[in-house]
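Letter by letter, the chains look like this.
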Amino acid sequence: MLSEALKSKFDQVIAHYPLKRSAIVPLLLFAQDEIGYISDEAIDEIARRVEVRPIEVIEDIGYYSMLHRQPIGKYNFQVCTNVSCQLLGGEEILEHCSKRLGIGHKQTSPDGLFSLEEVECLGACCGAPAMQVNYDFYENLTPERVDRLIEELKANGKAR
Amino acid sequence: MSDYQSYMKGSPLEVKVISARFGLPNSTSIDTFLAHEGYQALKKAFQMGPDSVINEMKNSGLRGRGGAGFNTGLKWSFVPKQTDKPKYVVCNADESEPATCKDRPLMEYDPHQLIEGIVIAGYAIGAHQGYIYIRGEYRYLMDILDRAIAEAYARGYLGRSIQGSGFDFDLCTHTGAGAYECGEETALLNSLEGLRGYPRVKPPFPAVVGVYGCPTIINNVETLCNAPHIILKGAEWYASLGTPKNGGTRLFCLSGHINRPGVYELPMGFPLRKMIEEVGGGIPGGKKLKSVIPGGSSCPLLTADEIDVPMDFDSLAKIGSMLGSGGVVMIDEDTCMVKVAQRIMKFYAHESCGWCIPCREGSAWLKRLLDRLHGGGGMPGDPETALDVSYNILGKTLCPLGDAAAMPTISIVKKFRSEFDEHVRLGACPYESKAFAV
Chain C
1 MLSEALKSKF DQVIAHYPLK RSAIVPLLLF AQDEIGYISD EAIDEIARRV
51 EVRPIEVIED IGYYSMLHRQ PIGKYNFQVC TNVSCQLLGG EEILEHCSKR
101 LGIGHKQTSP DGLFSLEEVE CLGACCGAPA MQVNYDFYEN LTPERVDRLI
151 EELKANGKAR
Chain R
1 MSDYQSYMKG SPLEVKVISA RFGLPNSTSI DTFLAHEGYQ ALKKAFQMGP
51 DSVINEMKNS GLRGRGGAGF NTGLKWSFVP KQTDKPKYVV CNADESEPAT
101 CKDRPLMEYD PHQLIEGIVI AGYAIGAHQG YIYIRGEYRY LMDILDRAIA
151 EAYARGYLGR SIQGSGFDFD LCTHTGAGAY ECGEETALLN SLEGLRGYPR
201 VKPPFPAVVG VYGCPTIINN VETLCNAPHI ILKGAEWYAS LGTPKNGGTR
251 LFCLSGHINR PGVYELPMGF PLRKMIEEVG GGIPGGKKLK SVIPGGSSCP
301 LLTADEIDVP MDFDSLAKIG SMLGSGGVVM IDEDTCMVKV AQRIMKFYAH
351 ESCGWCIPCR EGSAWLKRLL DRLHGGGGMP GDPETALDVS YNILGKTLCP
401 LGDAAAMPTI SIVKKFRSEF DEHVRLGACP YESKAFAV
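Line order of the protein sequences matches chains C and R. Heads up: the first sequence runs through residues 1 to 160, numbered per this note's numbering. Heads up: the second sequence runs through residues 1 to 438, numbered per this note's numbering.
Source of the hints: derived by calculation from the structure; they are not laboratory data. Where hints are given, some of them may not hold.
[To be verified] Derived pair list, reagent style DSS-like, types lysine-lysine, alpha-carbon separation capped at 27 Å: (1) C:K99 / R:K318; (2) R:K274 / R:K346; (3) R:K287 / R:K415; (4) C:K106 / R:K346; (5) R:K58 / R:K44; (6) R:K85 / C:K20; (7) R:K16 / R:K274; (8) R:K202 / R:K233; (9) R:K202 / R:K16; (10) C:K20 / R:K202; (11) R:K346 / R:K58; (12) R:K245 / R:K288.
Since this is a predicted model, take the numbers as computed values, not measurements.
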């Protein structure tokens, strides 16, 4: 079930546009923020509200890299390895995360706490090497900083 | 949030126009903004009238800061004056060009400056609705902008009859969800209409047929942030900050092998060598510079011998590269250029939207070739094949993503040819053991 807060956010967002379908991508992302992924129910609800067929919503999901149809970890590590980060050790940070979390690219840990993804430029080039955990930026990374962060998140986080 | 200290290290060589308010306490609040010339330009624009605003913009020499470098006032003047259709202003905040992180501080530290620029643009072309299309990863910036927009409504700088002018303008943010291609203006328009971000055929240009089939101007965040300063202080003043036909200042993002990475506001035409040595403090570890990406990864790379160049659109074009989006990456002598080419192509192959076959197939082919070559499986003739594939993408796609994949590749193969040959000869990467150290 989608929450009432989310449904009222849907109404607010749709009202911004002369064409309701403009709201599809924002609604998908907001639904994912709440549910953790994009459920069949969310697709149907969004399609109904913006007056398109569900398949048109599904077409969008396949295009945008932040949208996913399966649950992922509570903390999604998105490590940038693009040029500015690569030159300062972004690939090594990715490898380090992979080793410490015990998962590879686009995998989720069995306890549901962590996911890992190699991503393209995050716009954090002057703080390279950088990553995002969910929407939070972590910059000027070192393997030690990554270790501390993982420990903190393990302590804070309860798996979904 | 970004770490202010790591982005805004500051330099005495900076000329601060659009970054002038960044360091103020509560710089995002409307009260701070109003106390520092905020929304004064908008009031002046209402007195000048739309035509004078557009002329002022044209004469300022401001050129699009997203990368294409088109004269902003001229772009605005292409919007038809007589039309029954509504018109739109779209701010491109999909900052995704690798090495570019300048729109981030503009939105993070001075969101009202952007809002003021958007309203001025709307007034100039007769639009009453604006959208800020922001990349999905920049959620915290969207929250900052949403709060600023709410403040602007509450204080009468957005909404009905702004400051009693009779001019109405509504504005909201619109989040993307991860797609480099959506930074291209026509793909962005499709995305804004709820479709996959595939590019559109031009002409017609968005100024005539844009979002919802209506006249639309699309400008980069930094471009729009300049508008209030041009209106308030005049085209002549703004133009005089830069070089001929390249008015004003711009934000340069120094990254890679540089002692003081950061975002610096410098006059257009600032010498690249001085930027590297004096603003950025040179190359770490006393190493030699090997190459520079002058304006985001879509630009042809420069060699260390090519850095005596003024950083403006025309000077970079003269030496066969581009000023692009302001992302300047320094690459030191211990770096494998084949690996740089490989990583750049991995990006374009991933981000190609797949609409145009030369880009979709060519980028994937080049990625496989460069992977193999760097991995030690290079064959004689591979560099020629890389060039051949690149030239068959160049100019053969609807949007510039294809060119953006081809151009850096061509420049690296041509300028660093010996490194490719060395990979083929050794059957391995000669740098693998010593480069890319953490």
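Okay, the hints, checked on the actual structure:
no.: 1; hint: C:K99 / R:K318; in the structure: violated (47 Å)
no.: 2; hint: R:K274 / R:K346; in the structure: violated (32 Å)
no.: 3; hint: R:K287 / R:K415; in the structure: holds (20 Å)
no.: 4; hint: C:K106 / R:K346; in the structure: holds (17 Å)
no.: 5; hint: R:K58 / R:K44; in the structure: holds (17 Å)
no.: 6; hint: R:K85 / C:K20; in the structure: holds (18 Å)
no.: 7; hint: R:K16 / R:K274; in the structure: holds (18 Å)
no.: 8; hint: R:K202 / R:K233; in the structure: violated (35 Å)
no.: 9; hint: R:K202 / R:K16; in the structure: violated (36 Å)
no.: 10; hint: C:K20 / R:K202; in the structure: holds (25 Å)
no.: 11; hint: R:K346 / R:K58; in the structure: violated (38 Å)
no.: 12; hint: R:K245 / R:K288; in the structure: violated (33 Å)
Comparing the model with each numbered hint stated earlier shows that hints 1, 2, 8, 9, 11 and 12 do not hold.
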